[in-house]
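**Student:** Quick one: dock chain against chain with the hints and give me the complex.
Going down the list, the protein sequences come from chains R and C. Residue numbers for the first sequence follow my numbering, beginning at 373 and rising by one. Residue numbers for the second sequence follow my numbering, beginning at 1280 and rising by one.
Check before you lean on any hint, since a few could be wrong.
Over the 10 Å line for every Cβ pair with chain R, so calculated as not near, a few chain C residues [said to hold, decoys possible]:
id, residue
1, Ser1281
2, Met1309
3, Arg1323
4, Ile1338
5, His1356
6, His1361
7, Ser1369
8, Pro1371
9, Val1462
10, Glu1517
11, Tyr1518
12, Gly1520
13, Gly1572
14, Arg1598
Straight-line C-alpha distance at most 25 Å; calculated BS3-like pairs for lysine-lysine [unchecked claim]:
id, chain 1, residue 1, chain 2, residue 2
15, C, Lys1528, R, Lys439
16, C, Lys1385, C, Lys1436
17, C, Lys1405, R, Lys468
18, R, Lys439, C, Lys1436
19, R, Lys776, R, Lys825
20, C, Lys1528, R, Lys550
21, C, Lys1631, C, Lys1360
22, C, Lys1582, R, Lys421
23, R, Lys432, C, Lys1292
24, R, Lys400, R, Lys410
25, C, Lys1385, R, Lys432
26, C, Lys1641, R, Lys432
27, R, Lys784, R, Lys844
28, C, Lys1582, C, Lys1641
29, R, Lys550, C, Lys1436
30, C, Lys1360, R, Lys449
31, R, Lys410, C, Lys1436
32, R, Lys432, C, Lys1436
33, R, Lys449, C, Lys1487
34, C, Lys1491, R, Lys421
35, R, Lys421, C, Lys1487
These are computed hints drawn from the structure, not numbers from a lab. Beta carbons: idealized from backbone N, C-alpha and C, even for Gly.
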Amino acid sequence: MSFLLVIIAVTAAAAMAAMLSIKMETVKRLQINVNRLKRSLDEMDEQAKLIVRTDMELNKVQQELDKRTASLATLQKLSRSISGVLEVRAIFKGIKASYLQELGFDKSCAYLWNEREGVFLEVLSIGYTEEETAAITQYINSKRHGYWEWVLREKPFSSISKQENKFLKAEEIESVFKTTSFILSPILPAEGSKGIFFAGTANPEVAITEGDEELITVLANQISQSLENARLFERAWTTQQSLEKNVEERTHELTVALDEVRKISKRKTDFISSVSHELRTPLTSVKGYASILLEEKLGKLPDAAKERLEKINHHSDELVHMVNDLLDIVRIESGKTVMKIEEQDLNGIIATVSDLIMIQCKNKNIKLETDVQKSLPPVMADRNQLERVFINLLGNAVKFTPEKGKISVKAKRSDGAVEVAIADSGIGMPPEALTHLFEEFYRVDNAVNQQVKGTGLGLSLVKHIVEAHKGKIWVESTVGRGSTFYFTLPLKQ
Amino acid sequence: MSLDIGIGLSTEKDYSLAAKEAVRMAGMDMVSEKVDMAIVFSSRDLSSIGLLKNIALSIGGEVPLIGCSATALLTPHGIIKHGVLVVLLSIPATIQTTTAYIQELKNKKGTEGGRELADRLLADFKETRRVMSLVFADSSTEDAANLVAGMRERLGKIFPILVGSLSGNRQPHRTYLYFNHSVLMDSALGVLWGGKLGFGLGSYHGWKPLGKPRTVTRSHDNTVEEIDGEYALKTYEEYFGTSAAELRKNFRIISMLYPLGISIDNEGEYLLRNAVAIEENGSLRFQADIKQGSIVKLMLATKESCFDAARRAAEEAKRNLLMGLANESSKTLNKRVVFVFESLSRQMLLNKDAAQEIKIIKDVFGPDVPLVGAYTYGEQAPLNLGSYYRDTVHFHNQAISVLAIGG
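The shape of chain C in the complex, shown without the other chains (with noise of 0.2 Å):
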């Protein structure tokens, strides 16, 4: 037996009639009548127990059910805000999963709160190979740079984690995350893969490094002060010709369209960094850390670009997928899905054309291959191929990661 997968989307207004369309739709994909798991995403306005309630029922049995709300969802047909997607799978003996979550992410101190969910989730994990995590994280971002680094001293320097973090520092609605029957809020969740489960990943933001490198003078955590002996918003207010005041108007828009990014050795890219307040002295705050020494340039991006790094990302996450897949046989025959999550500052510069990264993972994978995801406020991946090998689980902003899973 293999992995069996199905999706089901359903944009009815009432979560009851949602969610039995939704795991309607998921069953009729799979060949299988065994659920052993299921993963839901859904717009805030369908969150509720009584949604996991009905999915549960709809399934006709309790499974481990994980999820989170989204301000849109990505769906095979595009993005749509209001809806709910449940992905079922049905897991052969030869893959192991667990699901775990933590709460009161904001009162953990450090990397504590990623060593707890790590812990839990081996908890029940049988001496099986560990392959990779999924986590969805209520926490805004420095945190969840936290909770993977803790994850990462339980569950190995080499172990590839994605984080979702669904959780602005200037957002204006709540994220929920769902677990089993519950709502939960300021928690992380995830699910542990062990086995024969073949994964590929991919994350690639699409940003182009401009003008002249320069060279963070001062900075505490994700706190930068001074770039090249100066205050930091200097900087953007040389490259905009303009104001203090003025760049606060719309420093938001300016800052996710125009970020830093950090230069990596060895990978070739850049880490993005937007900034999400300007201080009084000049300082810059940063959804995450940019150490102090760091060699940074202003970035920017087109349409094009963009797109090119959802094609990149997806077509690395496919490679990733066929390299992991057992055998030969399996390389054709077993299904798959792919899960996209994709950082919400791309739509303000993809705007109406949005959708048309969802075609291009499409194409990459092919018609039949489900694809279900949610737009989040960054993620943790590994920027490539590699790179989890060599103990680089970046955070990054504004890219847009590709998961592959298939067995």
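Pulled out of the complex, with its shape left as it was, chain R reads as follows (with noise of 0.2 Å):
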């Protein structure tokens, strides 16, 4: 019995142990599995890290990305803000709150030096009380040479500043200006006032970068450009208003003069009018009475006696001559000759004054030619005074060209007008003379003109009534080589 309960112990002892050897076995095993689970999970933790980690830098990266895009943008509003505007406090006044607020700031001012009173003047606050902003400018002035100086260095100064400087401390700065973080930048126009342009925040969870001192700068950069652009302005409109003041001066003066001219001529004009009137009716007697003594109605007169009185007759035409032409002239300019404007075909004018002429181109064996254009349009003239035109000219030609010399008429269609040119191959001007040609009583001094008489008033009044038809008249000459007259005429509209 007790052998048999031995056995029992025995092999329960072995059951046992057997159990306990699995049991040791399993714990083993979960140990082994634990270990691997903390292992993995350990792992996993470190690659959470590098996750971690690398999502940070990425974030970073982002973030500054998204706040440089915005201040980009924000700076182009600004930009555009203020760069189209041509006066000082306009500038300033473009940079508005909300734009400052976009870029991460709440408070800014600026300044600019004014060398009259040697002090920095305010020319903008945001974000401040009328009473802060008269203690930051009194601080400023009161620190304006410091603060002239590092304008002058060009570079900017900000709360996270790598440079050092005597003159400015960012405590201060950010106890008198109120701000957690600032940046300062100097505006430096070309020429002009320069000054300081300051952003801040009062925000102590807004953290400036080295971006944002990048972005003042630009700012103060593009502020000092519209200031230069501003300054320059000023300078061309100041010019411009002292070139109209001194044009409206001159004009003021011609004025003046011109309606003295115009009375003097008028005056001119009345005198002539009034001498060759009283002129013309002496000379109607004078020529009246010595036709009387030459058709020796009054008795027979001795051939002595009747050459003098036909040379009385002779120059009694020629100053009835003269004194119409002047009165011609003087109704032209006056406006008191009614010109007959109708439509003329210049070609028929053409041939009848070369008929005229003809003969005394024959007796001087001249050649004369004639070349108007084909289909030339109508032009608007008075036909008597146009004949008169054309026999002064081609009268003047024949006269001053030698025998066996050539004339010629032409005319054209010329920019909305008729242009006609008479030629001559005579004996031609001297520059000197061309601008006093048309002048009344000029006559160019020239051996034809001192052996033909001549009044001196034919170009005149030819060139009152080419005038008169809205047209032009010039001349081209060359001594020895011929001359050339040309006009305009109106086209039918």
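**Tutor:** Structure, rendered in structure tokens:
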């Protein structure tokens, strides 16, 4: 029995040992699994660390990029707002609080150096009360020499500035300007008032970066450029104002002078008109009595007396002709001559006048040519007056053209008018004569004029007639080679 | 008669003009001429009694008004930094509302403030079925947690409450609350809805867990002293491979982009916690409590995961709203409005793409459903569809909460 108990005990012990061994094995396996799991978790945690660090870097980059993109867009808006402005105060008015807020700043001010008074003058204040602005202005001016030195160094200064500055103290600025971080940038136009631009924030959670510093520097440069533009505009504007004033003064002087000339011209016209009328009456009598005597109605006259009377008659005719020309000029000048403006065929007029002048040409063996452009439209003119123009000009041409010479009459369309050219191969005129040629009583000093008498009124009359037709007249001439007279007449509209 | 809703936006600089324009635009959206309530969001620069009086004047009578100032307004047209948004509601007899406020929130102990606000809301509330409450609080988020707890003591433990916490712990500017003609600070105010109001709420953040789970081995209130037996900051030092001094320089950004996530049983979600300060001994102070023994992980998000969270929040709010609406016809015919409360810290990650979330929510609800909202510093809201039935209103950091109402 006891043996049996021993066997049972041994068997049980063996079984327990086996079970213990199995359990030990299970625990061991579990421990291995736990360790594996722990390792996996640790590995996972290490991976998580890598992910977190990478994510933070990416976030930083992304945030900086987003901020820069947004800031650049705002800067562009700001630039647009101030770049087109040409008045100093208006430039700073263009810097709106909303733009600065978009850039991350809630306070801003700007000062320009006033050379005459030797102080900084406030031109911008955003986010400050009047009292605060006054206190900042006072502070800046109490340290104006230091600030001026800093402005001339052309470098920004900020809460994160790496560079030391003996004039500016970041903590002092943060206290006076009531900000937790800030950026100061000099305003440096090429010429004119330099100054200071300040942007800051009172929000301790906003951190200023180097990117912000660059941004505010760009904005300060933009302000400088706008100030420069405003200065240049002001200079140009002042110059223009001065010029306009000068022009106005000169115009006034010229108007006064012109009025005076008109008055004198009228007096001259009135005088000539009066004298001419006064001359014509006695001349008519002289010519009448001379004719009576010549017709020997009062008795036979000796030949010598007859010869003298014929001269009186001839000179009286010349005098009447001259007085008539003078009266015509005066009438045209004063607008008293009524022009009968009608459509005129230039071909017909040239042909008529050519016929008239042909005899004189034949006498001197001068060749007269006409060349009128085909299908030339009619001109608007007074036929009688126009014939006087042609007769005068062709008469002169014959007069100054030696024997076997050549005269041509050409007409063509030119710039909405008809241009007529009467050219001769005559003795020509010196350049100094051309400027006076159309003046009354002017006669070119040459051999022909010394031999042939003239009134010196013909060309003046021609000029008045052409101008009364709204045309122009001019002359080209070379001594020894001939002259060409040009005039224009308006076409029918 | 059913619920009638109109929203108006003005970006006028003058508060009087802004008030008039926003009310006029909201009125144009409405069929009814009767206005029973106004909800107002404005930028800080427009915050004034004058704004509120002009809104009342433009409405043409005294109606209950609640609202708040915000860093930015969420509108159907995107994110606006300056302006005023007015929501006008014409409420049928089948829906009951009351509004109330409490002041000196900082002096309230524990859940006292929440209880007081709830009592005031309930004071005039008739024997109608209570539906939900929307609360704005000028409080740090830990106070907001107490506020919710206090309100739930009175309103019921399974009662849905959405709290917009409007003051950040390191917020540089003040936030103002609007109640009728008063501009309040250090206060909380809310509206309690009852009756046949349909509503849907969705709230997600989009951050995903990363690395191995860690245990909070020592903490009290919102301060975590040790994680896995080491000082709390060491977790961040290890993950970012940098010294405490370097971490301190950028810790606000780091803690927003990489918060700790507390695993919540049964909800498959993580509650986010931003650290707001590093203590001298390496402890981390968070915006809300982290209980000792909590399992935490470092969290990470991408823009896409944030957009996905916005979509999920909107879809959930829409689904809940449709489920809650009384009958089939009201699901298509009745007016509705979408309120969006978004944590300001999301803007840090999304940056210029922040408006994309608004677009996503609009796409979910359709172009005709008006949308209004504001940036907050955190919200208290149930995490998902059924959670408020399980007594779990959580504080969210960095979440987007979508509240849709209709009826």
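**Student:** Determine for every hint whether it applies to the structure shown.
**Tutor:** Going down the list of hints, with the structure as the test:
1. The non-interface label for C:Ser1281 is consistent with chain R: the shortest C-beta to C-beta separation is roughly 41 Å, beyond 10 Å.
2. Distance check for C:Met1309 against chain R: the nearest CB is about 32 Å away, which clears 10 Å, and the non-interface claim stands.
3. With a minimum CB-CB distance of about 12 Å to chain R, C:Arg1323 clears the 10 Å threshold, and the non-interface call stands.
4. With a least CB separation of 30 Å from chain R, C:Ile1338 remains clear of the 10 Å interface cut-off, as annotated.
5. For C:His1356, the condition that its CB be more than 10 Å from all CB atoms of chain R holds, with the nearest at approximately 17 Å.
6. Once the 10 Å rule is applied to beta carbons, C:His1361 is inconsistent with being away from chain R; the minimum gap is 8 Å.
7. The claim that C:Ser1369 lies off the interface holds: its Cβ sits roughly 36 Å from the closest Cβ of chain R, which is beyond the 10 Å cut-off.
8. Under the 10 Å C-beta cut-off, the non-interface status given to C:Pro1371 relative to chain R holds; the minimum distance is some 42 Å.
9. For C:Val1462, the condition that its CB be more than 10 Å from all CB atoms of chain R holds, with the nearest at approximately 21 Å.
10. Not every beta carbon of chain R lies more than 10 Å from that of C:Glu1517, the smallest distance being close to 7 Å; the non-interface claim is violated.
11. Non-interface call for C:Tyr1518 relative to chain R: violated, since the shortest CB-CB distance, roughly 5 Å, does not exceed 10 Å.
12. A beta-carbon of chain R is positioned within 10 Å of the beta-carbon of C:Gly1520; the least distance is around 6 Å.
13. Residue-level check passed: C:Gly1572 sits 19 Å from the nearest beta carbon of chain R, beyond 10 Å.
14. Every C-beta of chain R lies more than 10 Å from that of C:Arg1598, the closest at about 32 Å, which supports listing it as non-interface.
15. Under the criterion of a C-alpha separation no larger than 25 Å, the hint pairing C:Lys1528 with R:Lys439 is consistent with the structure, at around 19 Å.
16. Of the supplied pair hints, the one linking C:Lys1385 and C:Lys1436 holds, its CA atoms being roughly 24 Å apart against a limit of 25 Å.
17. Note on C:Lys1405 and R:Lys468: the hinted pairing is violated, with a Cα-Cα distance of about 53 Å set against a maximum of 25 Å.
18. Between R:Lys439 and C:Lys1436, the direct Cα distance comes to roughly 45 Å. Violation of the 25 Å bound is thereby established for this hinted pair.
19. The suggested pairing of R:Lys776 with R:Lys825 holds, with an alpha-carbon distance near 22 Å, which does not exceed 25 Å.
20. The hinted pair formed by C:Lys1528 and R:Lys550 meets the criterion: a straight-line CA distance of about 22 Å does not exceed 25 Å.
21. Restraint check: the Cα-Cα separation between C:Lys1631 and C:Lys1360 comes to about 14 Å, which is no more than 25 Å; the hinted pair holds.
22. This hinted pair checks out: C:Lys1582 and R:Lys421 have alpha carbons roughly 20 Å apart, not beyond 25 Å.
23. Our distance criterion of 25 Å between C-alpha atoms is broken by R:Lys432 and C:Lys1292, whose separation comes to about 35 Å.
24. Using a Cα cut-off of 25 Å, the hinted pair R:Lys400 and R:Lys410 holds, with the two alpha carbons roughly 15 Å apart.
25. At roughly 37 Å between alpha-carbon atoms, C:Lys1385 and R:Lys432 are farther apart than 25 Å, so this suggested pair is violated.
26. About 30 Å separates the Cα atoms of C:Lys1641 and R:Lys432, which puts this hinted pair outside 25 Å; it is violated.
27. Taking the CA atoms of R:Lys784 and R:Lys844, the gap is about 15 Å. The hint holds against a cut of 25 Å.
28. Pair hint C:Lys1582 plus C:Lys1641 holds up; C-alpha atoms about 18 Å apart against a cutoff of 25 Å.
29. A C-alpha spacing of about 48 Å is found between R:Lys550 and C:Lys1436, which places the hinted pair above 25 Å, so the restraint is violated.
30. At roughly 18 Å between alpha-carbon atoms, C:Lys1360 and R:Lys449 fall within 25 Å of each other, so this suggested pair holds.
31. For the hint linking R:Lys410 to C:Lys1436, the alpha-carbon distance of about 40 Å lies beyond 25 Å, and the restraint is violated.
32. Restraint check: the Cα-Cα separation between R:Lys432 and C:Lys1436 comes to about 43 Å, which exceeds 25 Å; the hinted pair is violated.
33. A threshold of 25 Å between alpha carbons decides the hint, and for R:Lys449 with C:Lys1487 the separation of about 39 Å lies outside it, so the pair is violated.
34. As the CA atoms of C:Lys1491 and R:Lys421 are separated by approximately 10 Å, the hinted pair is consistent with the 25 Å bound.
35. A distance of roughly 14 Å separates the Cα atoms of R:Lys421 and C:Lys1487; the hinted pair therefore holds under the 25 Å criterion.
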